[in-house]
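Make a model of the complete structure from these sequences and hints.
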Amino acid sequence: MATATAQVSYLEAKKGILSWLFSVDHKRIGLLYLYSLITFFLVGVTLGLLMRYELLNPGKDLVEAKTYNQIFTLHGVIMIFLFIIPSIPAVFGNFFLPIMLGTDDVSFPRLNLLSWWVYIIGAVMALSTLVFGDGPADTGWTFYAPYSVKTGTNVSMSVLAAFILGFSSILTGLNFIVTIHRLRAPGMTFTKMPLFAWALYATSWIQLLATPIIGITLLMIVAERTLGVGLFDPSIGGDPILYQHLFWIYSHPAVYIMALPAFGIISELLPTFSRRTIFGYKAIAYSSLAIAFVGYFIWGHHMFTSGMSGTARFIFSMLTFLVAIPTAIKVFNWVATLYKGSIHVEPPLLYALAFIFQFMIGGFTGLILGALATDIHLHDTYFVVGHFHYVMFGGTGFAFFGALHYWYPKIWGRMYNKAVANIAFVIFFIGFNTLYFPMFISGLMGMPRRYYDYLPEFHVPNIVSTVGSWILAIGLLIMLGNLIVARFRGRKVTERDPWGGITLEWQTPTPPPVQNFDSLPELPLNGPYDYENKPQIKD
Amino acid sequence: MAHTGLVLPNSGHNRDAEANKFGMWLFLFTELLLFGGLFIVYMVYRMLNHEAFLLSSFELNVTMGTVNTVVLLVSSMTIAMAVSAIQMGQAKRSAMLLWITFALAGVFLVIKYFEWSAKIHHGLFPGLDYYNNLPAGERLFFFLYYIMTGLHALHIIIGMVIILFTIRQTNNGTLSPEKHSLTENAGLYWHLVDLIWIYLFPLFYLIH
Ligand code: HEM
Ligand SMILES: [Cu+2]
Chain A
12 MATATAQVSY
22 LEAKKGILSW
32 LFSVDHKRIG
42 LLYLYSLITF
52 FLVGVTLGLL
62 MRYELLNPGK
72 DLVEAKTYNQ
82 IFTLHGVIMI
92 FLFIIPSIPA
102 VFGNFFLPIM
112 LGTDDVSFPR
122 LNLLSWWVYI
132 IGAVMALSTL
142 VFGDGPADTG
152 WTFYAPYSVK
162 TGTNVSMSVL
172 AAFILGFSSI
182 LTGLNFIVTI
192 HRLRAPGMTF
202 TKMPLFAWAL
212 YATSWIQLLA
222 TPIIGITLLM
232 IVAERTLGVG
242 LFDPSIGGDP
252 ILYQHLFWIY
262 SHPAVYIMAL
272 PAFGIISELL
282 PTFSRRTIFG
292 YKAIAYSSLA
302 IAFVGYFIWG
312 HHMFTSGMSG
322 TARFIFSMLT
332 FLVAIPTAIK
342 VFNWVATLYK
352 GSIHVEPPLL
362 YALAFIFQFM
372 IGGFTGLILG
382 ALATDIHLHD
392 TYFVVGHFHY
402 VMFGGTGFAF
412 FGALHYWYPK
422 IWGRMYNKAV
432 ANIAFVIFFI
442 GFNTLYFPMF
452 ISGLMGMPRR
462 YYDYLPEFHV
472 PNIVSTVGSW
482 ILAIGLLIML
492 GNLIVARFRG
502 RKVTERDPWG
512 GITLEWQTPT
522 PPPVQNFDSL
532 PELPLNGPYD
542 YENKPQIKD
Chain B
124 MAHTGLVLPN
134 SGHNRDAEAN
144 KFGMWLFLFT
154 ELLLFGGLFI
164 VYMVYRMLNH
174 EAFLLSSFEL
184 NVTMGTVNTV
194 VLLVSSMTIA
204 MAVSAIQMGQ
214 AKRSAMLLWI
224 TFALAGVFLV
234 IKYFEWSAKI
244 HHGLFPGLDY
254 YNNLPAGERL
264 FFFLYYIMTG
274 LHALHIIIGM
284 VIILFTIRQT
294 NNGTLSPEKH
304 SLTENAGLYW
314 HLVDLIWIYL
324 FPLFYLIH
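These protein sequence lines are chains A and B, in that order.
Using the numbering used here, the final residue of the first sequence is 550, and nothing's skipped along the way.
Using the numbering used here, the final residue of the second sequence is 331, and nothing's skipped along the way.
Be aware that one or more of the hints could be misleading.
[As the list claims (entries may be wrong)] Which residues of chain B face chain A? A partial, calculated answer using Cβ under 10 Å:
| hint | residue |
| --- | --- |
| 1 | Pro-132 |
| 2 | Gly-135 |
| 3 | Gly-160 |
| 4 | Val-164 |
| 5 | Phe-248 |
FYI, nobody ran anything at the bench for these hints, they're computed from the structure.
Every residue gets a Cβ at the ideal spot worked out from N, C-alpha and C, and that includes glycine.
Okay, structure coming up:
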């Protein structure tokens, strides 16, 4: 049986900063990602608050037009490539995927460490544009040609950074796919895998199959900038529409890299806090694959206004609507899971519920944008800004923080103050909706995105939105403050299963030892959420 | 794992040759897609500038291209033989075959070097006068030629590093008939490099 030394947690197994920076333990790598990600997220939030401050009044408040352009570009690049794409897989996937599968690490631990280092190199490159060269790019995170080929700002460095970050994303995806195929506990078939693992599986395939395309496209931008050849610049023979196609062939599937892991998180939170098996396990699992698959063929909906044949537009629009079906299947299953469950209202559940609410707003507004006629009116307005913040931030961002609250006691063996967490959630939630909902209205009124100035008739929604950004910031600060304090002062947790969860991570000691398990993990009889045959956990 | 009696049956720290090979295949997928993006661009511009691409392709040296194709095909064969050799426990022979592959890769690069420098000598490179005065379609052709064969050459160099590393491991005696996924993966990678050339060669040199 387990000896005393076997119980040493991964946090205490080795000491010193180097034992973290060069750790091949998937748990430590997950935390490395967490700390770096949150740092970049806060930089991105600061930039967001600056933009909102500038938009408080029409005309110039704080920054010049060009600076504003650089701010929203850097904000977009940070939030997309440094925060939301790696977020859930790199942090919680790394930490919990192996444990949920009942194994002690990913298939390629050293590759895993490499992917974090590559991520850091990419991040340093992206942020270096703040100090070196001719300032951060001012093209928008989409780097549309021909402007990105012509502007004097440091586009090449930002684009190379995105290329490097893509490489890191590929390595993580590759590692997860092999891990899921090779390292599941004996008896855990694919259809007995937790849904979080399913979500990561679908995500990893997209990471693998879409990222190389953007990689090569971005390299072409760099080549064009350095050698001055007309790949995408029409004045010297290139085709800018081709760039847009290549960009969105990656970047549309990339929104599923952001969304699918969040679906996985929600599918874990709901059964735990309603003590009930998930409704429609297979429907949820396979709809992830369906979304990943159909999501490949709908990139054209970003280009309805850039010149495409009528037939192409019609097809892209129709396929876009198709994605709503598997997505709706998930939402119905989640709601059905709650029905007649024994619901325990804890902070993670609040985040899950907010996710469902906000993601639905994001999804429905997405359908409005996917419809041809309305998109012509709404393209490049604040409606779009509202839509994607609802999906990425209100959806994936909230799922991320929900997951953080859910696994917090397992990761650090401490519990945060739940009352404070609830208050922070409420402020965060109100702030979020106050910040972004008015954008739908100003967008419908016709306010274009990516301008530091606007016409006076858009003033009211902008004031509301900026005030919302302050409320959100307060909520965020309280939430993070609460979590940071709890790391050092929080009530100690030693029981293995503080929430009454059922997946395998709740069978490990809290916090887990280096090799994760101290006895062979026991699988529930009928699938991963079989509460009726829940294995007895001995603390 | 030392400090506990428990060893999980499926452990990430097991030596898992299947996983190594699977991982390599996935990586090769991403490589194919990387070049795939370039092939799409090539296809689009070839359709838009059909005449210009046709004209430019006559400027490439088919003889050198053919020799290089043969060199790569032979190198693919030698590395496949190196894999069989290590499977049969003949480490020495395997190392020797890897050296031959390495040398052939070198030959490929040397020929490529002469090809490129002849072009550059004629002013056929972005930024040089002759190139800049070409019609847009021809400029695109040569630009794509440089990017695609350049990226391919980079892969050859990476492949050579991998082969050197494999040779070292072979000579160290760490590879055996039971444990040779390194050689196999080096082989897979090398076949990919070869395969991409098999597409590049006709696209640039042959189709008229
Ligand atoms: C406090 C939080 C945030 C605030 C105040 C904020 C604010 C803004 C504003 C005002 C813009 C529009 C700029 C314009 O079009 O003129 C913007 C753009 C954007 N935001 Fe945020 N945002 C926040 C968080 C996030 C998060 C969490 C994400 C992603 C997960 C995100 C992703 C983006 C992206 C991709 C753009 C588009 C940039 C571009 O147009 O190139 N933002 N944000
Ligand atoms: Cu899209």
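Cross-check of the supplied hints:
no.	hint	verdict
1	Pro-132	holds (5 Å)
2	Gly-135	holds (3 Å)
3	Gly-160	holds (4 Å)
4	Val-164	holds (7 Å)
5	Phe-248	holds (9 Å)
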